[in-house]
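The primary structure of each chain is shown beneath.
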Amino acid sequence: MAVGLAVFLVSMALLGHEILLMRLLSITQWHHFASMIISLALLGLGASGTFSTLFQKWLIPRFHGVFCINAILFGLAIPLSFAAARLVPLNPLEILWDPRQWLYLVQVYLILFLPFFFAGNCLTLALARFPKAIHRIYFYDLLGAGFGALGIMVLLFVLPPWDCLAVLSAPGFAAAGLVRLDLKPRRSRAVGSLLMLCGAGFPLLWPQHGTFPGISPYKGLSSALLAPGARVVAQRFSPLGWLSVVESPSIPFRHAPGMGLQCHAEPPPQLGVFVDGDSMSPITRFDGRLEPLAFLDCLTSALPYRLLNAPRVLVLGAGGGMDVLMARAHGARSIDAVELDACMIDLVRDAFGEYAGHLYSDEKVGIHAAEARSFVSRSRETFDLIQVSLLDSFTASATGGHALSESYLYTVESMSEAYRILSPGGYLAVTRWLKVPPRDSLKLFATAVVALERSGISTPGERMALIRSWSTTTLLVKKGAISAEDGAQIRDFCNRRGFDIDFCPGVQPGETRSFNLLDEPYLSDGARALLGEQRDAFMERYKFAIEPATDDRPYFFHFFKWRTLPEILSSRGRGGLPLMEWAYPLLVMTLIQALVLSLILILAPLFFLERGGESGMGGGRVVLYFAALGLAFLFMEIAFIQKLILFLGHPITAASVVIAGFLVFAGLGSRASAALREALSRRRVMGQGGSILMATGGIALLAVLDITLLPWLFTRLATLGDAARIAVSMAVIAPLAFLMGMPFPLGLAMVGDSKPAHVPWASGINGCASVLATVLASILAVHLGLNAVILLAVALYGLAAMAFGRSREKFQGG
Amino acid sequence: MVRISTSGPVWILALVLAASTPLHAADDPFKSAREGMVREIEGDVRRTSERIGKAALDPRVMEVLARVLRHEFVPESEKSHAYENRPLPIGYGQTISQPYIVALMTDLLKVGGESVVLEVGTGSGYQAAVLAEIVRSVYSIEIIEELAGTAAERLKRLGYKNVEVRTGDGYHGWKEHAPFDGIVVTAAASHIPPPLIEQLKPGGRMVIPVGGPFFVQQLLLVEKGQEGDIQTRQLLPVAFVPLTGGH
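The listed protein sequences correspond, in order, to chains A and B.
Mapped onto our numbering, the consecutive letters of the first sequence carry residue numbers 220 to 1033.
Mapped onto our numbering, the consecutive letters of the second sequence carry residue numbers 25 to 271.
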């Protein structure tokens, strides 16, 4: 029991640390680099399997001492490794220019690898030491991980992420103490108590920073703070991100993306709200006078206000409120604004309410803390204008940093739903940064065309317009045909501000004056091709992936095509990196690195493990079985997180519910697996392997049922309240996860029966496969879709069952 | 005595020349590296000729790049990389631009011996030094006080007398010396400040790199017609310094 609880604590802190590290690295560096670094560091889990396999003869007899030391080292390594990693002068932005950066990257991997390695040692050794109680140890392991996932989400609401590190140390010490308490000698118990006290005191002794010093100097926040007198005037923390509000009196922010060059307006003073130290969203000072807001009429996103009179507006992605202010300045009748981050709302409405002219408390403004797509799906109201804000920064957008973040807002289904809630004659307006050659603007256009076709519109081109400034594009989709009068208004609007019309019914290419020249007419040619019969051929031919995103493949920001890689690499030396979409190649690079290291970690022990003994699983089958399980479990979990994000409507709720749900129910499944095995053996139904076959068969059945029924179920239940939707999600997850918790302990128990020395090795294989699975699942989802990832998981469970089935024959024969 | 008196003016002339011409050590240890860099830039220009619309840049620009001591503009730790055709960190989250881009931007400005140029974002001062070799006067504004101070001192030490550096907000340009034949904005902005467009002479050109550090974005050329009409052109993607001051 004490060991079980210790495993629970280590596992809890381990998962908490993994999620926390992702947050911290997203702040110090960038999200996509953070993913790569963590994936590699997580291989510490696989390495612990190898280490325990090689030295088990020495380690297992000294289990309590070794567990205790590793738990303490784990506790210490959580804050220390992060502090040490920050001393490495890694600048991922320079990685293609400066070979030294690769060395720094390896140093960071090795440092951050340590806590995972120590925790992995604790977990693996516990499994190897108690082969008869594997199902119980695994139960505590999964239960702990489930609580860790939930706990860290709660903690991130309470504390700044950098202060959470020391808190996560405490369970490490407590686990060490618990294991010592399990021993009989009084001295051991005294040491155990002392360790637990240390654990409780550690977070208090660890220096708390209050402010976060380690952020990359190349992030927007660092840059902004270099201006004389600039300072952070407020901060907010949540699992969604770290918001810092900067006041820069001497060098004002003056954020006005793509403002027309014919305009002379200067934006009024603004406060910059930085999300994770980048992606600035301004809070504009508003004193009730409209004259200082003239600049808002000089943006491409202001076009729909020229075409509508006192519209009812829905702003998706309100951020610091610029689009809400634009609606207010243009005389909107009512404004509903949706913002995901409640902390952002709090800043604009309360903390800086007066500065923002009480914009979010205005009687015409309704502010909703919700996920944009979910809000649209559930809305029963109609709007004259749906404005999708330009919230990501140009840099994040230009470097493809978001490439593998799912976005359910820019999918075909989402645009169809937005179109549904437009009033007749209403407009959907989406503004994006202009990139050369264009990517998102054309993908958006393609998405809108397909969405309109699916909504039963046979001539989508009659309802669309695309305009461009020197740095932004705005796409308009009208519920109804764009008339000649609308066309004249659009021309006049663009002429006065120096914008170009790339597509508009009734306007021929070259007919209007060009203000902003591109080296090729990418957008006007592209728009026409996407509306014509050559659409598929055009998308196939285009250098970037611009096929519309769907709910099954919600990766709007993924533009990378392998075909473009030679061009990117050849242009590297002369700054050809704009063509580079970073996240996807980084992911592939991560996969290759992880694969090579995993193979070494998995294969190395084979040379040392005792050969011989025909009973039980052979080495190859052990690899196949546990690798397949590691991949399948994570594939299933990741795909379900994605599917439930759409249903639950909030990424944090979805991640918490799904991760915790999966792990806790899988833990219960593990706990029940021994009973199932015994029951089946007693009745001599299917022998030892019956339970594994039953579990994998059940998983396959449930997964296929889920794929078939969930879209139908979720559509019908979309309007339920939060609690009801969480309950439905749990009901969907519970039986599947329960069964998914069984194959690992059942297989490991069998290995333990026949070749106990293989137990830590099998556990390490599973660890390595889990790491590979997280990376591989993203790549597969991008190319094949989430349903395909689930089906692959089913196939992998089938493969595991086959590997087991064959070894069972061998086992029974031997 | 006589000898001294006759050679005196020669020495004085030499001293005056040394003081008035920027320092280009003829036999400095980086000479061959610098020549290699220039050859590399020429190669890059040829390879990108389709995008930039020419197979070679203005020979004056290339001559200047072969003269200006880039190693004087980078931190000590980066000196050995000074003539690699890439951006280098100079501290404060800023970079010294890739030489190819400096050459291209200078060429795009189409300025000559009588031109007056405004630079927004001095950084290390390298771009200002390159411009100073070609034009009559360069006025450069830098937000970060420390960078402005170091760049001004460096430019002075290297003998660039026609460059004036000021700490401040580049948004409003430098009215006292306007209008300008060319403007370089080496700190990317979310929008182009209207005062800068106003301070551009009819027929003048403004070059702006758009985006973040070390990464490539677009290079934007803004041309002001004789009638004051404005036209922009997106040129090849480039890597440049980040947005400073959040414009």
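Keep in mind the hints are simulated off the structure, nothing from the lab.
Where hints are given, some of them may not hold.
Think about it this way: if two alpha-carbon atoms lie no more than 20 Å apart in a straight line, the pair counts; the simulated DMTMM-like pairs of lysine to aspartate or glutamate are [claimed, not checked]: (1) Lys103(B) x Asp317(A); (2) Lys55(B) x Glu87(B); (3) Lys403(A) x Asp382(A); (4) Lys351(A) x Asp317(A); (5) Lys762(A) x Asp744(A); (6) Lys134(B) x Glu59(B); (7) Lys78(B) x Glu600(A); (8) Lys762(A) x Glu730(A); (9) Lys185(B) x Glu247(B); (10) Lys225(B) x Glu247(B); (11) Lys762(A) x Glu74(B); (12) Lys78(B) x Asp253(B); (13) Lys199(B) x Glu485(A); (14) Lys78(B) x Glu739(A).
A quick note: this is a predicted structure, and the numbers were derived from the prediction, not measured.
So, going through the hints one by one against the coordinates:
The suggested pairing of Lys103(B) with Asp317(A) holds, with an alpha-carbon distance near 14 Å, which does not exceed 20 Å. At most 20 Å may separate the alpha-carbon atoms for a hinted pair to count; Lys55(B) and Glu87(B) meet this at roughly 13 Å. A hinted pair counts as satisfied when its Cα atoms are at most 20 Å apart, and Lys403(A) with Asp382(A) does not qualify at roughly 36 Å. Between Lys351(A) and Asp317(A), the direct Cα distance comes to roughly 53 Å. Violation of the 20 Å bound is thereby established for this hinted pair.
Restraint check for Lys762(A) and Asp744(A): satisfied, since their Cα atoms lie roughly 14 Å apart, inside the 20 Å limit. Annotation: proposed proximity of Lys134(B) to Glu59(B) is violated, straight-line Cα distance about 23 Å (limit 20 Å). At roughly 56 Å between alpha-carbon atoms, Lys78(B) and Glu600(A) are farther apart than 20 Å, so this suggested pair is violated. Only pairs whose Cα atoms come within 20 Å are accepted, and Lys762(A) paired with Glu730(A) is rejected, the gap being roughly 27 Å.
Restraint check for Lys185(B) and Glu247(B): the C-alpha separation of about 28 Å exceeds 20 Å, so the hint is violated. The hinted pair formed by Lys225(B) and Glu247(B) meets the criterion: a straight-line CA distance of about 10 Å does not exceed 20 Å. Straight-line distance between C-alpha atoms of Lys762(A) and Glu74(B) comes to about 17 Å, which keeps the hinted pair within the 20 Å bound. Of the pairs offered as hints, the one joining Lys78(B) and Asp253(B) is violated, with about 25 Å between alpha carbons and a cut-off of 20 Å exceeded.
Between Lys199(B) and Glu485(A) the alpha-carbon distance is near 17 Å, which keeps this suggested pair within the 20 Å criterion. For the hint pairing Lys78(B) with Glu739(A), the CA-to-CA distance comes to about 16 Å; that is within 20 Å, so the pair holds.
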